[in-house]
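Reminder that position 222 of the sequence shown reads as 222 in the working numbering, one-by-one numbering, no gaps.
One or more hints might be untrue.
What the hints assert, rightly or not - Within a straight-line C-alpha distance of at most 30 Å, the following computed DSS-like cross-link-like pairs (lysine-lysine) qualify:
#1 Lys428 x Lys591
#2 Lys591 x Lys352
#3 Lys389 x Lys379
Said to hold, decoys possible - With beta-carbon atoms standing in for the labels, derived distance ranges:
#4 Glu435 x Pro305: 34 to 44 Å
#5 Ala500 x Thr409: 35 to 45 Å
#6 Thr409 x Thr620: 27 to 37 Å
#7 Gly148 x Ala524: 30 to 40 Å
#8 Thr31 x Ala605: 34 to 44 Å
#9 Ala524 x Thr64: 47 to 57 Å
#10 Gln611 x Ile66: 21 to 31 Å
#11 Thr297 x Ala154: 48 to 58 Å
#12 Asp288 x Leu534: 31 to 41 Å
Just so you know, the hints here were simulated from the structure itself, not pulled from any lab data. Glycine is no exception: its CB is placed at the ideal position from the N, C-alpha and C atoms.
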Amino acid sequence: MKRTTRTTVLTVGALIAALGLPAGAAQADDTTPRIDLRVLVVSDGGPATDAIAAELAAAGTPFTEIDLNDTGRPVIDADFLADTVDGRPRAKYQAVVLPNDNPFAAGSAEMAALASYEQTYAIPQVDAYTYARPEAGLQYPVYGGYAGSLDGVAAAVTAAGQAGPFGYLDGAVPFEDNDAAVGESYAYLSTPAPGADFTSYVDAPIPGQSTRGSLVGEYRHDGRRELVVTFVYNQYQQQFRLLARGIVEWMTGGVHLGASRNYFAVHVDDVFAADDRWNTTLNCTPGDVDCTDPNATPDPIRMTPADVTYATSWQTGHGFTLDLAYNAAGTVDQRADNNGADPLADALLAEKDRFRWVNHTYTHAFLGCVQDTTVVPWKCDTNPDGSVKWVSRTEISDEIATNRVWGQTAGLPLENDELVTGEHSGMKVLPQQPEDNPNLALAVGDNGVDWLGSDNSREPHQRQVGPATTVPRYPMNVFYNAGRAAEQVDEYNWIYTSRAQGGSGICEDNPATTTCLAAPLDPATGYAEHIVPLETRIALGHVLANDPRPHFIHQSNLAEDRIAYPVLNGVLDGYDGLFTADTPVVNLRMKDIGVELGRRAAWQAALDAGQVTAYRIGDTVTVQAPSGTAVTATLPAGSTLAGGAFGTPYAGGVSGWTPAGAGPLAFALPASAAAPAADTSEGLTATKPAPGTRVPAGVREQVVPTAGD
Numbered sequence: 001m002k003r004t005t006r007t008t009v010l011t012v013g014a015l016i017a018a019l020g021l022p023a024g025a026a027q028a029d030d031t032t033p034r035i036d037l038r039v040l041v042v043s044d045g046g047p048a049t050d051a052i053a054a055e056l057a058a059a060g061t062p063f064t065e066i067d068l069n070d071t072g073r074p075v076i077d078a079d080f081l082a083d084t085v086d087g088r089p090r091a092k093y094q095a096v097v098l099p100n101d102n103p104f105a106a107g108s109a110e111m112a113a114l115a116s117y118e119q120t121y122a123i124p125q126v127d128a129y130t131y132a133r134p135e136a137g138l139q140y141p142v143y144g145g146y147a148g149s150l151d152g153v154a155a156a157v158t159a160a161g162q163a164g165p166f167g168y169l170d171g172a173v174p175f176e177d178n179d180a181a182v183g184e185s186y187a188y189l190s191t192p193a194p195g196a197d198f199t200s201y202v203d204a205p206i207p208g209q210s211t212r213g214s215l216v217g218e219y220r221h222d223g224r225r226e227l228v229v230t231f232v233y234n235q236y237q238q239q240f241r242l243l244a245r246g247i248v249e250w251m252t253g254g255v256h257l258g259a260s261r262n263y264f265a266v267h268v269d270d271v272f273a274a275d276d277r278w279n280t281t282l283n284c285t286p287g288d289v290d291c292t293d294p295n296a297t298p299d300p301i302r303m304t305p306a307d308v309t310y311a312t313s314w315q316t317g318h319g320f321t322l323d324l325a326y327n328a329a330g331t332v333d334q335r336a337d338n339n340g341a342d343p344l345a346d347a348l349l350a351e352k353d354r355f356r357w358v359n360h361t362y363t364h365a366f367l368g369c370v371q372d373t374t375v376v377p378w379k380c381d382t383n384p385d386g387s388v389k390w391v392s393r394t395e396i397s398d399e400i401a402t403n404r405v406w407g408q409t410a411g412l413p414l415e416n417d418e419l420v421t422g423e424h425s426g427m428k429v430l431p432q433q434p435e436d437n438p439n440l441a442l443a444v445g446d447n448g449v450d451w452l453g454s455d456n457s458r459e460p461h462q463r464q465v466g467p468a469t470t471v472p473r474y475p476m477n478v479f480y481n482a483g484r485a486a487e488q489v490d491e492y493n494w495i496y497t498s499r500a501q502g503g504s505g506i507c508e509d510n511p512a513t514t515t516c517l518a519a520p521l522d523p524a525t526g527y528a529e530h531i532v533p534l535e536t537r538i539a540l541g542h543v544l545a546n547d548p549r550p551h552f553i554h555q556s557n558l559a560e561d562r563i564a565y566p567v568l569n570g571v572l573d574g575y576d577g578l579f580t581a582d583t584p585v586v587n588l589r590m591k592d593i594g595v596e597l598g599r600r601a602a603w604q605a606a607l608d609a610g611q612v613t614a615y616r617i618g619d620t621v622t623v624q625a626p627s628g629t630a631v632t633a634t635l636p637a638g639s640t641l642a643g644g645a646f647g648t649p650y651a652g653g654v655s656g657w658t659p660a661g662a663g664p665l666a667f668a669l670p671a672s673a674a675a676p677a678a679d680t681s682e683g684l685t686a687t688k689p690a691p692g693t694r695v696p697a698g699v700r701e702q703v704v705p706t707a708g709d
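The task is simple: from the sequences and hints, build the whole structure.
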């Protein structure tokens with residue numbers, strides 16, 4: 001069983017006690033500062049600050065980014081950082097992110113202004129990637145530490161990290177090692193400098209030593225707090241994705257606009273139907289419009305009742321629900337050809353309530369232009385006047401309505417406003433059909449469709465198709481025309497190797513393709529050893545990126561060798577080994593994903609337009625947004641809105657959406673989230689190196705290699 005009782009975030013109140021600072025007053029008065037809920041990101045163009053900015057953007061957390069390389073940038077001084085509003089002192093930023101502990105020249109007035117600001121308003125600072133040195137609370141790595149690659153190293157959250165900002169992690173923080181020939185992670189491992197008030201939150205064993213060195217830790221000095229990160233990363237690397245939530249929670253004290261959750265949904269297309277099989281001799285798929293070899297005989301792949309039993313057992317074991325996108329003609333035709341028998345449909349209908357169901361049209365017909373398949377690749381057929389010949393509104397509507405009626409008659413638990421067309425057809429597909437079938441928008445309107453599945457690889461953003469809003473879906477690189485691992489590898493080799501190696505040469509013609517192979521995969525081992533780890537890493541990366549968009553596979557992948565499951569197991573089992581029980585995978589159905597994406601877009605538009613104001617005074621958070629706009633926030637557990645509980649629990653806090661009204665929203669924070677009092681002391685000096693500490697000969701103050709892609 002997973003551990004569920006813990007302190008998820010080191011509260012600001014606990015930090016005050018640890019620092020020996022006076023606690024804030026229970027009731028704010030005119031001297032209690034206003035802290036605006038916005039983060040200042042000072043960037044040098046490196047991948048670490050860019051990664052943190054990307055995390056804030058994905059969550060919908062407001063931030064202002066200053067590029068140090070921009071000669072026209074604003075000067076960071078006292079007026080830039082703070083002012084007075086209605087007689088009350090205002091801090092314009094609740095946290096500061098710097099590229100390292102001090103990215104400015106010696107004696108910089110800007111760094112002095114930042115230090116004074118942080119002292120005055122108890123503002124935390126994140127050092128996105130810094131060299132281990134006494135100025136950051138750590139010894140130089142030459143003193144029993146380490147500087148070098150951390151590829152493949154098993155880092156871990158310390159006890160302090162689990163009791164503090166990284167308590168949503170079960171402990172392990174594995175560093176990626178995706179290519180032995182490429183350095184992907186560079187780090188400094190070190191221990192606290194003598195006399196430094198430093199607490200390590202994430203560490204790793206120091207090579208050749210019996211001790212562990214800090215990778216992420218908190219350094220308290222001179223009335224300031226810094227989160228010191230000593231490894232380089234980019235926004236896509238798993239080690240950053242695991243720690244990103246904790247970095248944001250630390251810098252905001254768990255009080256910020258925006259929210260982040262880990263989502264995973266899997267659509268299984270073509271249920272009840274059969275999928276054509278890849279022919280390993282012809283290097284095409286008989287039955288597909290582009291496979292014109294006269295010897296091409298279709299060899300369909302279709303699930304069996306045993307596959308249904310396996311799927312339901314798998315769902316139970318993982319606490320996960322698959323979304324089955326169905327084509328009813330598949331079972332109608334099967335029964336017509338077999339004296340009414342269809343054991344697969346019987347098995348699926350017996351377990352219909354164990355799945356979510358999505359209308360995938362009755363016959364899986366292509367609903368865009370009328371295809372001219374006399375040429376390869378196909379093209380759109382035309383009318384005598386040269387205009388495109390489109391599939392009609394009636395034909396599209398019949399495909400939608402007939403499938404829906406069949407599903408309702410069979411008792412499927414449908415949501416009638418969801419639709420995925422066959423091959424996402426009807427919507428534009430390049431190069432043959434550069435615009436939507438104009439009849440698609442009319443037909444989805446005729447049938448009350450509000451949510452229309454689209455291909456994320458073609459259109460990653462939501463858009464309107466008539467009254468319907470698209471829901472982009474990630475295609476998993478587990479091919480629709482493969483039921484066996486050997487077929488998948490053969491087709492994979494064909495697509496991703498050169499002509500000289502027996503492949504299609506697609507990679508030679510498109511050098512930007514990143515999955516190209518240096519040599520063909522072994523048919524016996526290539527799937528398990530190359531494709532599964534790669535697809536698992538890609539899908540898990542989406543899960544960890546606060547991305548709710550669903551993934552899709554096909555019913556053929558649940559049949560025969562059941563080749564989808566190793567990837568799905570890799571994602572879910574891998575996730576389960578990394579996170580605590582109160583940070584579960586969120587498994588939404590399509591329409592709920594659409595709503596989430598739509599809210600995010602509207603929220604971001606309001607932020608971009610400067611229409612959102614949010615600040616904290618004492619134990620009250622005030623948010624003003626355009627009326628009707630859904631406001632998103634993350635707050636400590638126990639926070640309330642209008643006297644009632646706010647949000648739903650996740651990762652130790654609460655988060656959610658609430659509509660803005662004509663007046664401001666006022667959130668009340670629990671006593672445990674008391675704000676730190678401003679530090680009014682004067683004459684604070686910069687930290688000096690510990691006695692006897694010097695910069696070793698030949699050691700540079702800052703070495704910043706680029707993170708691997």
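Range first: 48 to 58 Å. Now tell me if the beta carbons of Thr297 and Ala154 are that far apart. Holds, at about 51 Å.
Cβ separation of Ala524 and Thr64, checked against the hinted range 47 to 57 Å: At roughly 54 Å between Cβ atoms, Thr64 and Ala524 fall inside 47 to 57 Å, so the hint holds.
At the C-beta level, are Asp288 and Leu534 separated by a distance inside 31 to 41 Å? Violated, at about 25 Å.
Compare the distance between the alpha carbons of Lys428 and Lys591 with 30 Å, and conclude whether the hinted pair is satisfied. holds (22 Å)
Consistency of beta-carbon spacing, Pro305 to Glu435, with hint 34 to 44 Å: holds (43 Å)
How does the Cβ-Cβ distance of Ala500 and Thr409 compare with 35 to 45 Å: does it lie in that range? Given a distance of about 55 Å, which is not inside 35 to 45 Å, the answer is violated.
Range first: 34 to 44 Å. Now tell me if the beta carbons of Thr31 and Ala605 are that far apart. Holds - the Cβ-Cβ distance for Thr31 and Ala605, about 36 Å, lies within 34 to 44 Å.
Take a look at whether the Cβ-Cβ distance between Gly148 and Ala524 falls inside 30 to 40 Å. holds (36 Å)
Does the structure keep Lys389 and Lys379 at a Cα separation of 30 Å or less? holds (11 Å)
Do the alpha carbons of Lys591 and Lys352 lie within 30 Å of each other, as the hint requires? Given that 30 Å is the threshold and the Cα spacing comes to 19 Å, the pair holds.
Given the range 27 to 37 Å, decide if the beta-carbon distance of Thr409 to Thr620 lies inside it. violated (55 Å)
Looking only at beta-carbon atoms, does the pair Gln611, Ile66 fall within the given range of 21 to 31 Å? Check passed, 22 Å falls within 21 to 31 Å.
Checked against the numbered hints above, the structure violates hints 5, 6, 12; every other hint is satisfied.
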